[in-house]
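Here's the letter readout for the chains.
Protein chains: 2
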Amino acid sequence: MKPIKVGLLGLGTVGYGAFRVLARNQEEIQRRAGRGIEVTKIAVRDVERARALVAGACEVVGDPMLVVSDPDIDIVVETIGGYDLTRELVLQAIANGKHIVTANKALLAVYGNEIFAAARKANVMVAFEAAVAGGIPIIKALREGLTANRIQWIAGIINGTTNFILSEMRDKGIDFDAALADAQQLGYAEADPTFDIEGVDAAHKVTIMSAIAFGVPVQFDKAYVEGISRLAAIDIKYAEELGYRIKLLGITRRTDAGIELRVHPTLIPAKRLIANVEGAMNAVLVHGDAVGATLYYGKGAGAEPTASAVVADIVDVTRLHTADPEHRVPHLAFQHDALSNTPVLPIEEVTTSYYLRLCVADKAGVLAEITRILADLNISIDALLQKESREGEPQTDIIILTHETQEKHINAAIAKIEALETVLSKVTRIRMEALS
Amino acid sequence: MKPIKVGLLGLGTVGYGAFRVLARNQEEIQRRAGRGIEVTKIAVRDVERARALVAGACEVVGDPMLVVSDPDIDIVVETIGGYDLTRELVLQAIANGKHIVTANKALLAVYGNEIFAAARKANVMVAFEAAVAGGIPIIKALREGLTANRIQWIAGIINGTTNFILSEMRDKGIDFDAALADAQQLGYAEADPTFDIEGVDAAHKVTIMSAIAFGVPVQFDKAYVEGISRLAAIDIKYAEELGYRIKLLGITRRTDAGIELRVHPTLIPAKRLIANVEGAMNAVLVHGDAVGATLYYGKGAGAEPTASAVVADIVDVTRLHTADPEHRVPHLAFQHDALSNTPVLPIEEVTTSYYLRLCVADKAGVLAEITRILADLNISIDALLQKESREGEPQTDIIILTHETQEKHINAAIAKIEALETVLSKVTRIRMEALS
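Sequence lines, in order, name chains A and B.
Residue 291 in UniProt numbering sits at position 291 of the first sequence, and the numbers go up by one each step.
Residue 211 in UniProt numbering sits at position 211 of the second sequence, and the numbers go up by one each step.
Please keep in mind that the hints were generated in silico from the structure rather than gathered at the bench.
None of these values were measured; they are calculated from a predicted model.
Careful, some of the hints might be misleading.
No copy labels: a pair is met if it fits in one copy or bridges any two.
Stated by the list, open to error - Listed below are the simulated DSSO-like cross-link pairs for lysine-lysine, each with C-alpha atoms no more than 30 Å apart in a straight line:
1. K237 x K271
2. K416 x K426
3. K271 x K172
4. K121 x K2
5. K363 x K2
6. K271 x K2
7. K387 x K2
8. K222 x K2
9. K222 x K363
10. K426 x K237
11. K408 x K363
12. K5 x K426
13. K172 x K2
14. K222 x K387
Please take these sequences and the hints and turn them into a complete structure.
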């Protein structure tokens, strides 16, 4: 069979990683795919640099449209990133009958519905394993491996930068800023780390997983997103004392009222396997009604792990693209005409438990006032830890772990607690998940 | 589209589990599969019992050939187990043009080559996700998710019974026999537990993974198999003191000399995530050249987790069976004409490191004799622990952790050590893996 022809958009970390893995493992990959896979054309901004990298192995052009519209190319691999240009390029490639492989979580979380609809119309495949959790084949697990299940929830450590920072903060007892600086120095965080540390990247990824798990459209605009930049070292320490770890989790859950879709720092029991995922590693915990909990762990970023997923997608398309489109695996796991319009719950309606840290005056009666406020709102207390006040200091920390309650109730309680004269600063509130 | 018709062979734990999951989640499954999935006929030995269970939902027959030869049935799901009858039934079903879904690891590890060849000839699919690690979609990960990689090694906790027993032995400090009795009482071990505790079940599973990972035929007869029944509580304790856990691992590795394929108790560093997989859970660690290490964790047995994999296979076949056979995912991940004949190494040629426990006379010079034997065979020592002799006892335990060496060298060393007068009993030898 003649080789399948691949056009590459971009030759950065991911693009060049895919190029190298395809070249290095070509014999093994061909034995799996049943035919050769050839990168025939690459479009990049810096043509000279790319020509030096590929050393004559294929054509390098400056205009991405020359890849997208090349009649000899079967699969367009998009590794540019960002929304605007890539949306246009991907839609044009689809219109030209190209199959798409992309690692672009932002593009799919925001424009996925449009892109998948266009792909369906053009009878082409869009594969995006690399968009979530890098080299871990989590999209395939959700879309194909767990199809027997009513998936109940997913909780994932799906951003390596923030997990590295949280591991550093815990290991070394350092503050966020110091840990971020470490991460930047070691190449785990970008110069502008906003997308990672503010949870946006994780929210893109959990949005995609949510759609596949529950058969709903991608709806990034409905996600609740809270990062780790305001997390204090002291809370990581208190969490530890209580038997918990703090992780930035992407969580999506099916409830009777709707779908939860949220990213935020989360206390999880230290004894859970996923609580022990350290450094820049990723892990996704999926709970289905038949299988129970399954966990998928590996490297979530980096040239080679991401290339692993990109190239696996190329092999998938090579193996399966000739099937009649009615008998392909649907892009979002569910048939396009069987998506549900289950609403995404606003965060105020989410039910979970909470870690609260209060800085209070070291006076009699403080605790009685606080616990009365919680009781009045029907929020029951699971654990309470009052720290001894440091010598000579008139204030002390109180840590409260609540049982499950709706976020709007905890908000009401916090407002009342903060209004107390004996409560000396803003209440720190971190959500908790048992993951059981 | 008209529903796809499924015939079920057997209605035991797995068969009835699949029947129930299909019934319970039929709406969600249909939204994924694109058409209904109907169990139309079940063959069982005890027809009356089965009729009561399915309550008129489908036909129940006593003769499995009535399922295998039913012209209306598209997919035959084999959940009987064992080799002889099932081999005949599966081959007949294939000859009749039925697609096969099976959870039968023994059948595939022993007769897989014959069955896959027959399926290729008949243009039908054989799906077997449930054969390895129950509900964890590890076959899909290896066959499709990691196709970019040269897979270097796999190490898996793939037998829940033995992992439960080892967890019990460690937690409670009890001996194998007591832990086995616990496991039997709790339903984690069968009345005749031989296949599980002697490693045969794990060997079936690692044989299948080895074929998929390295593109070789299944060759169960070449596997080295050693179970946990001779494992002493004291070795679990000593391993713990040295920072290790003992797990029954199924290991397969690609080396320049050939493929390793082995099941045995193994010391692994306690800090590895897989070392913390407890109770009846399963986990498979896969190392690929591009992705690095990925881990897959979940329930490896039980009605619903196994059904999760069986039903996912049914959905896979439903989605993909109309594709032309040249463009399907190959049964063993590699194209049938691209399998390699890389030999499986005999255990004597395997290179690994070792834990040795020696019971020696508490006399001067003993250690010098032992270390001299190791040095003469070029076996270097990574750690050595001499226990204080218990009061009034003239012997003591010496624990040696070696660096890597070939098994034949360690065997030679053990023979010489056991011949020493000061060595009072057989040397206990347990293999070690760093898994890094």
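Consistency of the hints with the structure:
{"no.": "1", "hint": "K237 x K271", "result": "both (16 Å within a copy, 21 Å between copies)"}
{"no.": "2", "hint": "K416 x K426", "result": "within (11 Å within a copy, 71 Å between copies)"}
{"no.": "3", "hint": "K271 x K172", "result": "both (20 Å within a copy, 18 Å between copies)"}
{"no.": "4", "hint": "K121 x K2", "result": "both (26 Å within a copy, 23 Å between copies)"}
{"no.": "5", "hint": "K363 x K2", "result": "neither (81 Å within a copy, 73 Å between copies)"}
{"no.": "6", "hint": "K271 x K2", "result": "neither (52 Å within a copy, 48 Å between copies)"}
{"no.": "7", "hint": "K387 x K2", "result": "neither (71 Å within a copy, 66 Å between copies)"}
{"no.": "8", "hint": "K222 x K2", "result": "neither (45 Å within a copy, 37 Å between copies)"}
{"no.": "9", "hint": "K222 x K363", "result": "neither (43 Å within a copy, 74 Å between copies)"}
{"no.": "10", "hint": "K426 x K237", "result": "within (19 Å within a copy, 49 Å between copies)"}
{"no.": "11", "hint": "K408 x K363", "result": "within (29 Å within a copy, 73 Å between copies)"}
{"no.": "12", "hint": "K5 x K426", "result": "neither (59 Å within a copy, 62 Å between copies)"}
{"no.": "13", "hint": "K172 x K2", "result": "neither (55 Å within a copy, 61 Å between copies)"}
{"no.": "14", "hint": "K222 x K387", "result": "neither (38 Å within a copy, 62 Å between copies)"}
Violated hints, in rising order: 5, 6, 7, 8, 9, 12, 13, 14; the structure is consistent with all others.
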